[in-house]
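Could you slot chain B onto chain A? The hints should help.
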Amino acid sequence: DAKTTQPPSMDCAEGRAANLPCNHSTISGNEYVYWYRQIHSQGPQYIIHGLKNNETNEMASLIITEDRKSSTLILPHATLRDTAVYYCIVGYTGNQFYFGTGTSLTVIP
Amino acid sequence: DAGVTQSPTHLIKTRGQQVTLRCSPKSGHDTVSWYQQALGQGPQFIFQYYEEEERQRGNFPDRFSGHQFPNYSSELNVNALLLGDSALYLCASSSIREQYFGPGTRLTVT
Numbered sequence: 001d002a003k004t005t006q007p008p009s010m011d012c013a014e015g016r017a018a019n020l021p022c023n024h025s026t027i028s029g030n031e032y033v034y035w036y037r038q039i040h041s042q043g044p045q046y047i048i049h050g051l052k053n054n055e056t057n058e059m060a061s062l063i064i065t066e067d068r069k070s071s072t073l074i075l076p077h078a079t080l081r082d083t084a085v086y087y088c089i090v091g092y093t094g095n096q097f098y099f100g101t102g103t104s105l106t107v108i109p
Numbered sequence: 001d002a003g004v005t006q007s008p009t010h011l012i013k014t015r016g017q018q019v020t021l022r023c024s025p026k027s028g029h030d031t032v033s034w035y036q037q038a039l040g041q042g043p044q045f046i047f048q049y050y051e052e053e054e055r056q057r058g059n060f061p062d063r064f065s066g067h068q069f070p071n072y073s074s075e076l077n078v079n080a081l082l083l084g085d086s087a088l089y090l091c092a093s094s095s096i097r098e099q100y101f102g103p104g105t106r107l108t109v110t
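Residue numbers (our numbering), protein chains in the order written: chain A, 1 to 109; chain B, 1 to 110.
For reference, chain A alone in the conformation it holds in the complex (with noise of 0.2 Å):
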């Protein structure tokens, strides 16, 4: 079973930031949280990662909280191209990862 739960749906304007939640309450220590995004039948790709601090790259930022125990994924300026099935995954690379239904981002015009 997942680890995490995120909302079914979403959506966001074109040009506003778009904020993606997750709960993750029985993440573990070591375990990192992964945010993932999926376009209709193409393979997952890879969005950012971390373990206890924010991060930001060029694609997004991850705000997790201090207790770890949830997560909001933020993409700064949504565009049409951002729509897509956002996946929140908790683990590590060394074990499997659990997918869940994932949060279905429409972003409209």
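Since the hints were made in silico from the structure, they are not lab data. Some hints here could point you the wrong way.
For lysine to aspartate or glutamate, the following EDC-like pairs were computed, each having C-alpha atoms within a straight-line distance of at most 20 Å [what the hints assert, rightly or not]:
#1 A:K3 / A:E31
#2 A:K52 / B:E98
#3 A:K69 / A:E31
#4 A:K3 / B:D30
Relative to the frame of chain A, chain B by itself:
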């Protein structure tokens, strides 16, 4: 850097046949995992290979087997295909902290 590559892109097989899917990992990655993704579902873990050994296995029958070669590339074999094996098969390669997925192979069993 080519990233993770998979072949073939699409495949159509008949029930009862056998199929082999191939994966080349991203440069510098030594671990390969395989996932099955049915339509409308999230990917499901099949197994993971490291140092040419199966390190972990998900809840899949023995009809699903794999191999990892000394150059870290990997194959997924499925025997006695069932209609329910129709899915997108994803390969992921990883190092100690990062994991990247390939584009997948779409298998259709008729």
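Tested hints:
Distance restraint check for K3 of chain A and E31 of chain A: the Cα-Cα separation of roughly 11 Å lies within the 20 Å cut-off, and the hinted pair is therefore satisfied. Taking the CA atoms of K52 of chain A and E98 of chain B, the gap is about 16 Å. The hint holds against a cut of 20 Å. As the CA atoms of K69 of chain A and E31 of chain A are separated by approximately 11 Å, the hinted pair is consistent with the 20 Å bound. At roughly 26 Å between alpha-carbon atoms, K3 of chain A and D30 of chain B are farther apart than 20 Å, so this suggested pair is violated.
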